[in-house]
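First to last, the sequence lines map onto chains A and B. Residues 1 to 111 (the numbering used here) are what the first sequence spells out, left to right. Residues 1 to 114 (the numbering used here) are what the second sequence spells out, left to right.
Among these hints, one or two may not hold up.
[Said to hold, decoys possible] Straight-line C-alpha distance at most 35 Å; calculated DSBU-like pairs for lysine-lysine:
1) B:22 - A:110
2) A:70 - B:36
3) B:22 - B:52
4) B:52 - A:110
5) A:55 - A:70
6) B:71 - A:98
7) B:44 - A:98
8) A:70 - B:41
9) A:78 - B:52
10) B:41 - B:71
11) A:98 - B:67
12) B:67 - A:78
Keep in mind the hints are simulated off the structure, nothing from the lab. From a predicted model like this one, the values you see are computed outputs, not experimental measurements.
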Amino acid sequence: AQTVTQSQPEMSVQEAETVTLSCTYDTSESDYYLFWYKQPPSRQMILVIRQEAYKQQNATENRFSVNFQKAAKSFSLKISDSQLGDAAMYFCAYQGGKLIFGQGTELSVKP
Amino acid sequence: DTAVSQTPKYLVTQMGNDKSIKCEQNLGHDTMYWYKQDSKKFLKIMFSYNNKELIINETVPNRFSPKSPDKAHLNLHINSLELGDSAVYFCASSRESGLYNEQFFGPGTRLTVL
Numbered sequence: 001a002q003t004v005t006q007s008q009p010e011m012s013v014q015e016a017e018t019v020t021l022s023c024t025y026d027t028s029e030s031d032y033y034l035f036w037y038k039q040p041p042s043r044q045m046i047l048v049i050r051q052e053a054y055k056q057q058n059a060t061e062n063r064f065s066v067n068f069q070k071a072a073k074s075f076s077l078k079i080s081d082s083q084l085g086d087a088a089m090y091f092c093a094y095q096g097g098k099l100i101f102g103q104g105t106e107l108s109v110k111p
Numbered sequence: 001d002t003a004v005s006q007t008p009k010y011l012v013t014q015m016g017n018d019k020s021i022k023c024e025q026n027l028g029h030d031t032m033y034w035y036k037q038d039s040k041k042f043l044k045i046m047f048s049y050n051n052k053e054l055i056i057n058e059t060v061p062n063r064f065s066p067k068s069p070d071k072a073h074l075n076l077h078i079n080s081l082e083l084g085d086s087a088v089y090f091c092a093s094s095r096e097s098g099l100y101n102e103q104f105f106g107p108g109t110r111l112t113v114l
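With the sequences and hints as input, model every part of the structure.
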């Protein structure tokens, strides 16, 4: 069975600095997708970035980028120039047949 | 224009009661889902319907019964509510089922069982 592990329950970053959230996963599949979702206090699940496993190039969306290491089964999220609005719970997720979430990392941003 | 809507947003009820949560999507998607987020924020899929047919049914107590009257609606009925059912329930939809179809989430329903 596939699993997703986020080993950092909480992270903190200074405004305008860079922070990296870690995620590892386990699968025997070769074709899958990986995601980072943001959940602010409003509860709404917001898709931040996606990565197709067959693509070697790391995905980037504005200040958000990933470091995808397929052999190591690692998928970290880098947030550059952190803003107060980035404070939220971040979930790493794996999609083979169904979407499987990690435990989440609570990110706080200090002004 | 709410893409995926859920009603109610908050639900407080007594143990033993039966309750329903409604979900509607106006995206024209074929597949809908129910997820449960527990008190530790862990999110897990419960059910998935594709064109009104059940395609994913995780290990969920049979007190939980999803019902899809049409493609745009997926309701969740919960019988004999227990304290452990307290959680946030999310509905989601995607264009199709299968390997990759971006899922759009509703705002969640916080269920509190007293």
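Hint-by-hint comparison with the structure:
no.	hint	verdict
1	B:22 - A:110	38 Å, violated
2	A:70 - B:36	29 Å, holds
3	B:22 - B:52	15 Å, holds
4	B:52 - A:110	46 Å, violated
5	A:55 - A:70	10 Å, holds
6	B:71 - A:98	19 Å, holds
7	B:44 - A:98	10 Å, holds
8	A:70 - B:41	27 Å, holds
9	A:78 - B:52	39 Å, violated
10	B:41 - B:71	29 Å, holds
11	A:98 - B:67	20 Å, holds
12	B:67 - A:78	40 Å, violated
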